[in-house]
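Novice: Mind docking chain H on chain B? Use the hints.
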Amino acid sequence: MIPAVGETLKVLRVTAGGRRFALDAGLVRGVERPGRRVRLPGAPGYVRGVVEVQGSVVVVVDLARRLGLSPHDERADDVDDIERAVVVVDSSEPVGLAVDDPGDVIALDPATLIELGPAGAAAGLRGLTPDGVVLLEVEPVVDGRTLAPAGPVLDRLLAARP
Amino acid sequence: MSPLTEEVARRAAALAQEAAHQAAALEERLRQGSAAVGRALETAGRAPPTLDAGEDRARRLEEIARAAGRAAARTDLLGLNVEVAAARLGEEEQGLEQVARELRALADETARGATEADELLAAARSDVAAGRVAWRAGLADLRLAQERIEGAAAAAEEAGVALAEAQQAASELASTSAGSGPGRDQDAALDAAAELAAAAEARDDAITGLGRAAAARLAGAGGRLLGEATSADGLAARLEVVARPLGRATVVAQVVDDVARRAKQLAVNADLAAAQGDDPALGLFAEEARRLSERAEGAADEAADLGERVLADLAELRSDVIRHALAVREVGEILAGVLERFADPGAATAADGLPAAWRADRVAARRLAEARAQWRRTASPDGGPTGVEGGPAVS
Numbered sequence: 001m002i003p004a005v006g007e008t009l010k011v012l013r014v015t016a017g018g019r020r021f022a023l024d025a026g027l028v029r030g031v032e033r034p035g036r037r038v039r040l041p042g043a044p045g046y047v048r049g050v051v052e053v054q055g056s057v058v059v060v061v062d063l064a065r066r067l068g069l070s071p072h073d074e075r076a077d078d079v080d081d082i083e084r085a086v087v088v089v090d091s092s093e094p095v096g097l098a099v100d101d102p103g104d105v106i107a108l109d110p111a112t113l114i115e116l117g118p119a120g121a122a123a124g125l126r127g128l129t130p131d132g133v134v135l136l137e138v139e140p141v142v143d144g145r146t147l148a149p150a151g152p153v154l155d156r157l158l159a160a161r162p
Numbered sequence: 001m002s003p004l005t006e007e008v009a010r011r012a013a014a015l016a017q018e019a020a021h022q023a024a025a026l027e028e029r030l031r032q033g034s035a036a037v038g039r040a041l042e043t044a045g046r047a048p049p050t051l052d053a054g055e056d057r058a059r060r061l062e063e064i065a066r067a068a069g070r071a072a073a074r075t076d077l078l079g080l081n082v083e084v085a086a087a088r089l090g091e092e093e094q095g096l097e098q099v100a101r102e103l104r105a106l107a108d109e110t111a112r113g114a115t116e117a118d119e120l121l122a123a124a125r126s127d128v129a130a131g132r133v134a135w136r137a138g139l140a141d142l143r144l145a146q147e148r149i150e151g152a153a154a155a156a157e158e159a160g161v162a163l164a165e166a167q168q169a170a171s172e173l174a175s176t177s178a179g180s181g182p183g184r185d186q187d188a189a190l191d192a193a194a195e196l197a198a199a200a201e202a203r204d205d206a207i208t209g210l211g212r213a214a215a216a217r218l219a220g221a222g223g224r225l226l227g228e229a230t231s232a233d234g235l236a237a238r239l240e241v242v243a244r245p246l247g248r249a250t251v252v253a254q255v256v257d258d259v260a261r262r263a264k265q266l267a268v269n270a271d272l273a274a275a276q277g278d279d280p281a282l283g284l285f286a287e288e289a290r291r292l293s294e295r296a297e298g299a300a301d302e303a304a305d306l307g308e309r310v311l312a313d314l315a316e317l318r319s320d321v322i323r324h325a326l327a328v329r330e331v332g333e334i335l336a337g338v339l340e341r342f343a344d345p346g347a348a349t350a351a352d353g354l355p356a357a358w359r360a361d362r363v364a365a366r367r368l369a370e371a372r373a374q375w376r377r378t379a380s381p382d383g384g385p386t387g388v389e390g391g392p393a394v395s
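From first to last, the protein sequence lines stand for chains B and H. Our numbering puts the last residue of the first sequence at 162; the count rises by one with no breaks. Our numbering puts the last residue of the second sequence at 395; the count rises by one with no breaks.
To be clear, the hints were calculated from the coordinates, so they are not data collected in a lab.
Quick partial rundown of chain B residues pointing at chain H, CB under 10 Å, derived from the structure:
1. Lys10
2. Leu12
3. Pro102
4. Gly103
5. Asp104
Note that the structure is predicted; figures quoted are calculated from it, not measured. Backbone N, C-alpha and C fix where the C-beta goes; we use that ideal spot for every residue, glycine too.
Just chain B, same shape as in the assembly (with noise of 0.2 Å):
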């Protein structure tokens, strides 16, 4: 959702591979803690696996891992570590993100956003508030396509800011 000029942007703050991201508030459905995780073998990396919430089958996607923030670990996967929060977003199906730490909801001036360009679109990324918070556009995060590792870009534009 893009807000209208003036308008400010409700955004839900995560922390995930040691960084912190912002997902716009109105894909958001819920956050859940699910408890119980069945895996998925053969699929990607990044997905740990599908769990219940709310009657509903939801596929959950490791954020930080499919940022290419951290790495797969086979070891790390048998641990049923699904206590850690599933953000429950909305997208032609709903999807998982398993973060650290969902954190809270504020309200985003969209006028102070660095704009990240095709490098960050590449990786997924929309733009940068000025306290260090990555907006994240979830579409591409959610529908599988191959994108380019963020720490990198980010590490780049933070090396860029005065």
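Specialist: Positioned in the frame of chain B, the structure of chain H alone reads:
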């Protein structure tokens, strides 16, 4: 009887009488000590079941505190979801945002309280468990001390009987006019008199040795008892320290109860917002808030009840422990009094010297019995009674 023999006889009689008085006094004090230990054991016997019950209740309170912590995490997530719902519904949903803020504040308060209660209760349970172990060890020490005291009292009673026999032997010697009887062999009479006096003195020495050996044995028991009294004092002080944080933990239960009531109100507000808005998720959130508040209310009631019972148990236990410490100290002081009179700090008497002292006393008793028999034979050459058997004691 020669003046020397008379003198020896009088001295033996006086020694025996003095020793008999000492033995009687020792026996009396030891019997008092044994009775005091019995009272202390009775008091101490009440503590372990109370400690067991207190530990069980503290464990249950810990479970409740942890459940409250999990509920706090769930409430926090619920608050976040309400925030997200409010953001989706737009600027006009100020009421819903307020609901979300309150939920998250409640969750934070509950989590802090639950963490504090959990830590306090874990420490209290550990203290109570340590106290129970020390208490049981103390009971075992008390029982051992009681056995030792009973043994020493029995020894003192037998020593008293033996001393009465020695005193009678000496009085026989002193009251018989050895030199005046017809047909009495003077030399034999003198020898028998001297041997009787020597045997009485030897018996007195043996009895003194018996007393010292008993005292050395008791010294260990007395030290353990005073240690037990000090340990009981420490337990009473620790119970007082444990009770204070438990009092705060029950205050946490009241906080949880308050949270439950406020969550119930928030559930109503969320219901209203769901009725006015389009988002069906709000109805689900309201339902969950209501369930959380009911669970919290039940847990708070149980925690408050348990908390009160634990505090009451601890107060009763502390009184018992203080009484126990006083009782044990009383026994320790009685024993200290006994040791003061009978222990010989200059002599290296082993704590296990009692069997040897008994053997020495038996030897001295046989010698005294033989000396009396010999004395009677010299007093009546035909072996008949001299009329002095069971004569009055010489004071």
